Amino acid sequence: MISKIMAAGLSRRTFLKSTAITAVGAALPGAALAAGEPIKIGFLAPLTGAVAAWGKPGLDGCQIWAERVNAAGGIELSDGKHPVEFVSYDNEYDPAKARTGATKLIREDGVSFIMMLGGDTWPGVQPVADKTGMLFSTLLPSDLSPDSTTLIAPTEVHPIYLVTGVDYLADTYPDAKTAVICAQDDALGLPSVATYLAAFEARGIEVLEEPLLFDPATTDFAPIVTRMMSSNPDIICLDTCYSDYVHPISEQLFQQGYEGKLISATADFYDQMIAKTSKEFMEGFIFQFPDFDDPALAGDNINFEDAKGFYDAYAERHPGEWGAVSWEYASIMDLWKAAAEKAGSADPDAVITAMKEGGTGKHAFGDAKWWGTELFGIDNALVGDWPVVVIEDGKAVIKGFKSIPDWYDQHGDLLIKHMQAYNQMYDQRG
Amino acid sequence: MLDLLAQTGLNAVYAASYISLVAVGLVLIFGVMGVINFAHGELFMAGSYVVVAVYADMHMPFFFAVVIGLLFVGCLGLLMERALFRPLRDNPLGGLVASIGFLMILQALASMGFGVRMEFIPPVTQHVIWFTDSISIPLARVYVIVAAVLLLSALWYFLKRTRFGWALRASAQDPQAAELQGISIAHTARIAMFIGAGLAGIAGALTAPLVSVNPHMGHSVIVTAFIVIIVGGVGSLEGAIIASVVYAFVHTFVTTFYGGVIADITGLSLMLVVLIVKPTGLFGSADRA
Chain G
103 MISKIMAAGL SRRTFLKSTA ITAVGAALPG AALAAGEPIK IGFLAPLTGA VAAWGKPGLD
163 GCQIWAERVN AAGGIELSDG KHPVEFVSYD NEYDPAKART GATKLIREDG VSFIMMLGGD
223 TWPGVQPVAD KTGMLFSTLL PSDLSPDSTT LIAPTEVHPI YLVTGVDYLA DTYPDAKTAV
283 ICAQDDALGL PSVATYLAAF EARGIEVLEE PLLFDPATTD FAPIVTRMMS SNPDIICLDT
343 CYSDYVHPIS EQLFQQGYEG KLISATADFY DQMIAKTSKE FMEGFIFQFP DFDDPALAGD
403 NINFEDAKGF YDAYAERHPG EWGAVSWEYA SIMDLWKAAA EKAGSADPDA VITAMKEGGT
463 GKHAFGDAKW WGTELFGIDN ALVGDWPVVV IEDGKAVIKG FKSIPDWYDQ HGDLLIKHMQ
523 AYNQMYDQRG
Chain Z
1066 MLDLLAQTGL NAVYAASYIS LVAVGLVLIF GVMGVINFAH GELFMAGSYV VVAVYADMHM
1126 PFFFAVVIGL LFVGCLGLLM ERALFRPLRD NPLGGLVASI GFLMILQALA SMGFGVRMEF
1186 IPPVTQHVIW FTDSISIPLA RVYVIVAAVL LLSALWYFLK RTRFGWALRA SAQDPQAAEL
1246 QGISIAHTAR IAMFIGAGLA GIAGALTAPL VSVNPHMGHS VIVTAFIVII VGGVGSLEGA
1306 IIASVVYAFV HTFVTTFYGG VIADITGLSL MLVVLIVKPT GLFGSADRA
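Chains G and Z are the protein sequences, given in the same order.
For the first sequence, our numbering gives the first residue as 103, with consecutive numbering after it.
For the second sequence, our numbering gives the first residue as 1066, with consecutive numbering after it.
Hints are not guaranteed to be accurate.
As the list claims (entries may be wrong) - Each pair of labels, with its calculated beta carbon distance range:
#1 276(G) <-> 1140(Z): 56 to 64 Å
#2 1125(Z) <-> 499(G): 47 to 55 Å
#3 1187(Z) <-> 508(G): 39 to 47 Å
What the hints assert, rightly or not - What the simulated footprint calls covered on chain G by chain Z, stretch by stretch (three residues with Cβ under 8 Å from a Cβ of chain Z suffice, anywhere in the stretch; the number is not a length):
#4 318-329
#5 344-352
#6 369-379
Hints are computed from structural coordinates only; laboratory data are not their basis.
Treat the numbers as computed from the prediction; the structure is a model and nothing was measured.
Ideal Cβ placement from N, Cα and C applies to all residues, glycine included.
All chains should be modelled from the sequences, with the hints used to inform the complete structure.
Encoded structure:
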């Protein structure tokens, strides 16, 4: 019997892995839900430490999402409606703590799905995902590889969406022809550097020197800013620096008299940046994450329900704390909820099958396709349009939505070239 | 190129200023108390949070907040001396472990009191002093430089020209002999802890508007301070100041001309070379103050 299955295409390794997963899965508490029992969702992200700004606001957003869903009756599975409940674990952006957290969430809390920021913490969790078959999400598709079929990147397509900001910059300011890049030297910074290099090259923008990588423990950014400004670039790119870096770097650029264009993945808490610099200095700052009260998010193409209502509730409960990730985990939950309801089950296998059926999905910023084999070795990233956001008169404004797959169809070879140069392709990592 | 060198030099002077304030405090505590205060970075952090509370939240004048920062963190030093280091005076390892525990408590208190996120501190001044079109220094950084020069000069005067200072140095050089001369070791320990912690506190307070204030900000500061005091010679105040200047200039120039990661490697290499060539550091033995 076993030999027949093997002959039909199932390798010994796959068979053993499947058996192990089934055995471990059977031993997991809370894997099967009773009618009306809460569905528990794991939130495994940095809630303290330097990267907390990309974890904690997401959990705050999830709580609002849960209240909205539960007020509407909960999530409807085949056995009836279930309220949803988030169980959080602070991984402090540490791989070992992330691994402990994943194990706890699965074995003790009985979660049905775990959301992560990803990045440096994913390698710690990957063995747990492989053993248990738990469905995980990451905000960073650079975590994806064919080795982990239950890891998905359904909302944020970092760093690939960054190309849309560069395209906008090149279209709007054709005279800006030179750039420099700085980034922290980590799993967020490096693939982002590679993407910006590809995007600049695609638009004929010369990057004047090697991207300036700094230690994540850096506190004084004056020397880095002095170095960047010394080549007198038209554009300074802050890559995917954490907000703890974007703020002091921007302040230093202001104080050292920079007058060129600024582009960055994020500009979280940009009102504070304006207070430390000036409205004029921040005018035209290009980044990728809108405020959800933007009228452009009320369009028919948007799949995030009542974006403005969500933003208003968030702003009321957590004033001044809206950031890049405030909506993203909630958006993932929209996708997960739709898939679970379609499957009639919270079982990870059933959910991911329903989620990827037809190869397309409803991304927050429009319909998108499951994509990524060339870049990640697996089609587990949901990729479509992404907004370009610009600070105008002290407020973030969506200037348009641009297609990431369209860019990749034209310039994918450049992205692969630079990803390879930084050892960021899926077959080079880890 | 000259402009770039000059701007980098100004950046280095600022870095040397706040590093020396922290490192001298650490050396003073080690010299008199005989313990490596691992919580020194968190004392720096506490000084920054005083500015968050007094200046950013309560809207009191910045320099008033800085003085409060010095006094508050100095008092934290007194608390550490009484609660941690005095009971463990004959157990240097115990003092070190206690200071690690204290740093965790301070981090937890900061997280509970202020949250885990970077704190926003309104700019104290946006005035920038321009020397040429491309050489400048923000006034807020000048404050740090001036404070470092004044405070370290005052400390030098205190240690070399006052009876309390002599008592402090005597306690550091030979506690038993000092005690036989009628010097209260407990009293000198309190003075050393207040001054040492206060220097870290005022460094944190003055730099708070210039850096990201968060509960974990002390980590990088303490690493830098340890490198500096090892290079300068554990126990040597002069060594700590000179090593701060050397480290700051090396790190800043390497960051500017080669990159931040290489600068960190260079700083650590500098420490390793000194440890190999002169294990007591550039300026003296471990029992000086």
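Inset, instruction - May I ask which of the numbered hints given earlier this structure violates, with the numbers listed in increasing order? - result: 2
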